[in-house]
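Turn these sequences into a full structure, and let the hints steer you where they fit.
Same order as they appear, the protein sequences are chains D and Y.
The numbering used here numbers the first residue of the first sequence as 1 and each following residue consecutively.
The numbering used here numbers the first residue of the second sequence as 1 and each following residue consecutively.
What the hints contain is simulated information worked out from the structure, not anything from laboratory work.
Just so it is clear, the structure is predicted and the values come from calculations on it, not from any experiment.
Yeah, the Cβ is synthetic: ideal placement off N, Cα and C, and Gly gets one too.
It is possible that part of the hints are untrue.
Using 30 angstroms as the maximum straight-line C-alpha spacing, the simulated BS3-like pairs for lysine-lysine come out as follows [said to hold, decoys possible]:
#1 Y:486 / D:413
#2 D:413 / D:261
#3 Y:77 / Y:523
#4 Y:382 / Y:523
#5 D:79 / Y:486
#6 D:413 / Y:382
#7 Y:27 / Y:77
#8 Y:113 / Y:486
Where chain D lies over chain Y, by a calculated footprint (3+ residues, C-beta under 8 angstroms) [stated by the list, open to error]:
#9 289-302
#10 354-362
#11 396-402
#12 457-468
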Amino acid sequence: MKHSSLMKVAGVGALALTLAACSGGGTPAPAPSASETAAAPGGGGELVIWMDQNRADALTDVIATFEEETGTTVEVVIKEFGSIRDDLTTQAPSGEGPDVVLGAHDWIGKLVQNGVVAPVELGDATADFQEVSIEAMTYEGAVYGVPVSIENIALVRNTALAPEAPASWDDMVATGQAAVAAGEAEFPFLIGIDPNTSDPYHLFPLQASFGGPLFGQNEDGSYNADDLQIGNEGNLEFARALGEWGAAGLINPNISGDIAKEQFAAGASPYTITGPWNLSAFQDAGIEYAISEIPAPGSQPATPFVGVQGFMQSAYSENPIVASQFLTEYVASEEAQTAIFEGGQRAPALTASYEAAQSDPDVAAFGEVGASGLPMPNIPAMDAVWGDWGTTQIQIITGQGDPTQLWTDMATKIQSTIGG
Amino acid sequence: MTTSTVTPQRQRRASAQLPSTRTLLLKIAMLAIVDAAAVFAMTLLFFQENWLVLGIAAAVTLLVNWIYLSPGVLPAKYLTPGLIFLGVFQVFVILYTLYIAFTNYGDGHNSTKDDAIAAIVLQNTERVEGSPVYQVQVVEGLGGLGLLATSPDGEALVGTAEEPLAPLDPAAVTFDGGRATAAEGWTSLGLQDILQRQQAIADLQVPLSDELEDGFLRTSNAVQGFVFQSVFVYDEAADTMTDTTTGIVYSDLGNGQFETEDGQVLGTGWQILVGFENFLYPFENPRYGEALGAVALWTFAFAILSVALSFVLGLFLAITFNDDRMRSRKAYRLVMILPYAFPSFLAALVWLGLLNAQFGFVNEALFGSADIPWLTDPWLAKLSVLIVNVWLGFPYMFLICLGALQSIPEELTEAATVDGANGWQVFQGIKFPLLLVSTAPLLISSFAFNFNNFNTIYMLTTGGPRISGLSENVGHTDLLITLVYKTAFEAGTGRDYGLASALAILIFIVIATISAIAFRQTKALEDLN
Numbered sequence: 001m002k003h004s005s006l007m008k009v010a011g012v013g014a015l016a017l018t019l020a021a022c023s024g025g026g027t028p029a030p031a032p033s034a035s036e037t038a039a040a041p042g043g044g045g046e047l048v049i050w051m052d053q054n055r056a057d058a059l060t061d062v063i064a065t066f067e068e069e070t071g072t073t074v075e076v077v078i079k080e081f082g083s084i085r086d087d088l089t090t091q092a093p094s095g096e097g098p099d100v101v102l103g104a105h106d107w108i109g110k111l112v113q114n115g116v117v118a119p120v121e122l123g124d125a126t127a128d129f130q131e132v133s134i135e136a137m138t139y140e141g142a143v144y145g146v147p148v149s150i151e152n153i154a155l156v157r158n159t160a161l162a163p164e165a166p167a168s169w170d171d172m173v174a175t176g177q178a179a180v181a182a183g184e185a186e187f188p189f190l191i192g193i194d195p196n197t198s199d200p201y202h203l204f205p206l207q208a209s210f211g212g213p214l215f216g217q218n219e220d221g222s223y224n225a226d227d228l229q230i231g232n233e234g235n236l237e238f239a240r241a242l243g244e245w246g247a248a249g250l251i252n253p254n255i256s257g258d259i260a261k262e263q264f265a266a267g268a269s270p271y272t273i274t275g276p277w278n279l280s281a282f283q284d285a286g287i288e289y290a291i292s293e294i295p296a297p298g299s300q301p302a303t304p305f306v307g308v309q310g311f312m313q314s315a316y317s318e319n320p321i322v323a324s325q326f327l328t329e330y331v332a333s334e335e336a337q338t339a340i341f342e343g344g345q346r347a348p349a350l351t352a353s354y355e356a357a358q359s360d361p362d363v364a365a366f367g368e369v370g371a372s373g374l375p376m377p378n379i380p381a382m383d384a385v386w387g388d389w390g391t392t393q394i395q396i397i398t399g400q401g402d403p404t405q406l407w408t409d410m411a412t413k414i415q416s417t418i419g420g
Numbered sequence: 001m002t003t004s005t006v007t008p009q010r011q012r013r014a015s016a017q018l019p020s021t022r023t024l025l026l027k028i029a030m031l032a033i034v035d036a037a038a039v040f041a042m043t044l045l046f047f048q049e050n051w052l053v054l055g056i057a058a059a060v061t062l063l064v065n066w067i068y069l070s071p072g073v074l075p076a077k078y079l080t081p082g083l084i085f086l087g088v089f090q091v092f093v094i095l096y097t098l099y100i101a102f103t104n105y106g107d108g109h110n111s112t113k114d115d116a117i118a119a120i121v122l123q124n125t126e127r128v129e130g131s132p133v134y135q136v137q138v139v140e141g142l143g144g145l146g147l148l149a150t151s152p153d154g155e156a157l158v159g160t161a162e163e164p165l166a167p168l169d170p171a172a173v174t175f176d177g178g179r180a181t182a183a184e185g186w187t188s189l190g191l192q193d194i195l196q197r198q199q200a201i202a203d204l205q206v207p208l209s210d211e212l213e214d215g216f217l218r219t220s221n222a223v224q225g226f227v228f229q230s231v232f233v234y235d236e237a238a239d240t241m242t243d244t245t246t247g248i249v250y251s252d253l254g255n256g257q258f259e260t261e262d263g264q265v266l267g268t269g270w271q272i273l274v275g276f277e278n279f280l281y282p283f284e285n286p287r288y289g290e291a292l293g294a295v296a297l298w299t300f301a302f303a304i305l306s307v308a309l310s311f312v313l314g315l316f317l318a319i320t321f322n323d324d325r326m327r328s329r330k331a332y333r334l335v336m337i338l339p340y341a342f343p344s345f346l347a348a349l350v351w352l353g354l355l356n357a358q359f360g361f362v363n364e365a366l367f368g369s370a371d372i373p374w375l376t377d378p379w380l381a382k383l384s385v386l387i388v389n390v391w392l393g394f395p396y397m398f399l400i401c402l403g404a405l406q407s408i409p410e411e412l413t414e415a416a417t418v419d420g421a422n423g424w425q426v427f428q429g430i431k432f433p434l435l436l437v438s439t440a441p442l443l444i445s446s447f448a449f450n451f452n453n454f455n456t457i458y459m460l461t462t463g464g465p466r467i468s469g470l471s472e473n474v475g476h477t478d479l480l481i482t483l484v485y486k487t488a489f490e491a492g493t494g495r496d497y498g499l500a501s502a503l504a505i506l507i508f509i510v511i512a513t514i515s516a517i518a519f520r521q522t523k524a525l526e527d528l529n
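Here is the structure:
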């Protein structure tokens, strides 16, 4: 018994060590995560970049050039866009995070609050970008990334059902309802919202036309978190109008964003408010469309939010020099900006590429609508706004109370969340 | 006499204990693979200097080896893999959640104090307005790393972290197209050296002059340098962060952030242990208290009804399909298992589309274009959520009831029929109690699962039509777990993992208590067997 168990132990031990040695020989020496001392042959640093599939495909050439010219190895990790912000926040402090990430500009406030992004110094190149894109990427005076694309929503109309751009909001509603009455359409216009959380982003141009900003602005154009203006008179007027539209069925919580896109592509409505991301679906469905500015139900112009996406540098990056080089010399180059634009449908942020992209009529049209738009607030206080803003809009649309009362309660709650 | 009778017995026992060489070799091979993986993992851990995990891994490996190489210890041999997975995926997770519950980990308290200080200083270095752009070359000299800078008007200057920028004799400097690339007494670093010392170069701050207000030169890409001013200065001795533009001094008052006495706070903070603060949140927050009551009631109702309804449905179908007189049972059974095969995420999203009041299949096809607000009316939403959950859960009940029914011996049923019992009495008196013996534990675990059934509720209604009149964002179909999720992650003050963990632990305690008590009760059923 003892003899055989000794044999067993010896057998196990020998086999185990052999297997471990085989596997150990196959893999390279374990890289210590604390310090970058191993220099791969033929090159120096390493760069880990997180981005979505779309931009990765667009940037393959630029990255290849970067690898050649600087001798760095670039590892591109494809991640779903929506998960990048939170994953960066939790993973960066562990030291295993990425060096560069693709992100949306309204994440910047939160990312700075969590200390995970580093400012990027563009120097004189700041002037080479569209002003709104630099403004969007700026938080508390520092620029936190290199912008690559600008997007906003606009009114897309089906030229078969509505040949002319509407002169006013009432004109649009009238044309839409006439089309429904004549049996040519099913909906006067389509705006997709979520049945529980609405879509304040899509409804914002309408809100803005009543003169209702969310936050007051500082002199340098940034939003002032201490000056919550969501409860002001202009916004209350919007709340009342929203109640009326909900009661009249113009804004329907059962129509989600996907359903709105589908129905417009099927020709069920002359108008829809959407962004450049849906244009390919309309083209595939054979809809002849035209893009124009959103008619204003209030007295001010209906300016949409401008969304900017760009590449940011992690504050925990162990390759800050290489990451900076990549951002300031390669991502900011005309080549990269134009490549990203051609891969998607969003306007580029670099002015030179932007001008060249104007030859595309859709981009030019969206750009015109967004020219007077302001970037979405990127301050952390914005988080306190989205949730209640959306659910209150649904309550108003479904007629669950007096719009003025509901909106004022919401403003009070948001103020206490931000302040308290 | 005794020797001749004992020896064959002992031989038989001995031969029964010796395994065949094939099983022995298989056992050694599998154990060796596990050991090899463990050794590989331990070498990696050793290089990462992660002593705690290394220790645990070593202890567990030795234990596993001892268990499988010892002759006896049979229960352990069966239970070990399960226990290891239980330890890693359940026990460790619970303990880690408990640890996080005592901290304030979340937005604004993301990492350690050193990281927070570094981040605040880094984010608040402003470029001095109107300052020129310098072309730089990273060099190294007696004083350490330095920058050889070329000003826009062609002057060459050099400095280190301690020595401010000083002009150099042009004769001692080599220029390459307007940019100084080398100087006497300094070694220029090539690309490879720069890449190896990136962190140090990025942190290098060369003062512009002896005056602190003039700022410092810093490079982020080793080619251009800009002049910066630190707005925030950290005083290590006093442990304060001072804003040089306004003069406000922020100190560490023990809340995991830099703040002043009158409440001004610097956004970037760090994790600290906060004791029981997170656990007391539901009790100290009155708005939350009112929401909690209604939601707790619905959670219990939802869990109990889901289990009861799916059990009844599953049992009914199992009995029906157990009967020999039913044709094509196999085909029916296959169809009925299908809901179980779908991932619950997918099923919930599909049902979301089906139940859409205007475009959903249910309203358009089954109810003739009626506008029934399945997911937006409070009571209909509750009903819809229950229906979807029962639809997802009955195949599981169907399977276990089928198995349990088939294990009931036929003789009992026959004996009862002979005694004159009809179908219902047979079921009530014999089948059902015996069925409960085997399925009761599964019903309890199903209750625990449905108590925390986040997926179905969140996917279908995100908590449901909002309860008007409450200031918290609570809906009619919110479970305790979705309420916790909303409180911790969607409250607008940022993600609060500490609070989420504490509330999750509280829910765990509730469920664990209920389950423990219920399991005790099922012991009474054992007597039936």
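Checked hints:
1. Proposed proximity of residue 486 of chain Y and residue 413 of chain D is supported: the alpha carbons are some 15 angstroms apart, at most 30 angstroms.
2. Our distance criterion of 30 angstroms between C-alpha atoms is broken by residue 413 of chain D and residue 261 of chain D, whose separation comes to about 33 angstroms.
3. A distance of roughly 26 angstroms separates the Cα atoms of residue 77 of chain Y and residue 523 of chain Y; the hinted pair therefore holds under the 30 angstroms criterion.
4. For the proposed pair residue 382 of chain Y and residue 523 of chain Y, the alpha carbon gap of about 34 angstroms is over 30 angstroms, so the pair is violated.
5. Between residue 79 of chain D and residue 486 of chain Y the CA atoms are separated by roughly 25 angstroms; this keeps the pair inside 30 angstroms, and the hint holds.
6. Note on residue 413 of chain D and residue 382 of chain Y: the hinted pairing holds, with a Cα-Cα distance of about 27 angstroms set against a maximum of 30 angstroms.
7. The hinted pair formed by residue 27 of chain Y and residue 77 of chain Y meets the criterion: a straight-line CA distance of about 12 angstroms does not exceed 30 angstroms.
8. Taken as a hint, the residue 113 of chain Y and residue 486 of chain Y pair is honoured in the structure, with Cα atoms around 28 angstroms apart against an allowance of 30 angstroms.
9. Note: the stretch 289-302 of chain Y has 0 residues with beta-carbon separation from chain D under 8 angstroms; the three-residue rule is not met and the coverage is violated.
10. Counting residues of the stretch 354-362 of chain Y whose beta-carbon sits less than 8 angstroms from any beta-carbon of chain D gives 4, enough to reach three: the coverage restraint holds.
11. Only when three residues or more bring their CB closer than 8 angstroms to a CB of chain D does the claim for the stretch 396-402 of chain Y stand; here the count is 0, and the claim is violated.
12. A count of 7 residues in the stretch 457-468 of chain Y with a Cβ less than 8 angstroms from any Cβ of chain D is obtained; the coverage claim is therefore met, three being the minimum.
In this structure, the hints that do not hold are numbers 2, 4, 9, 11, in rising order.
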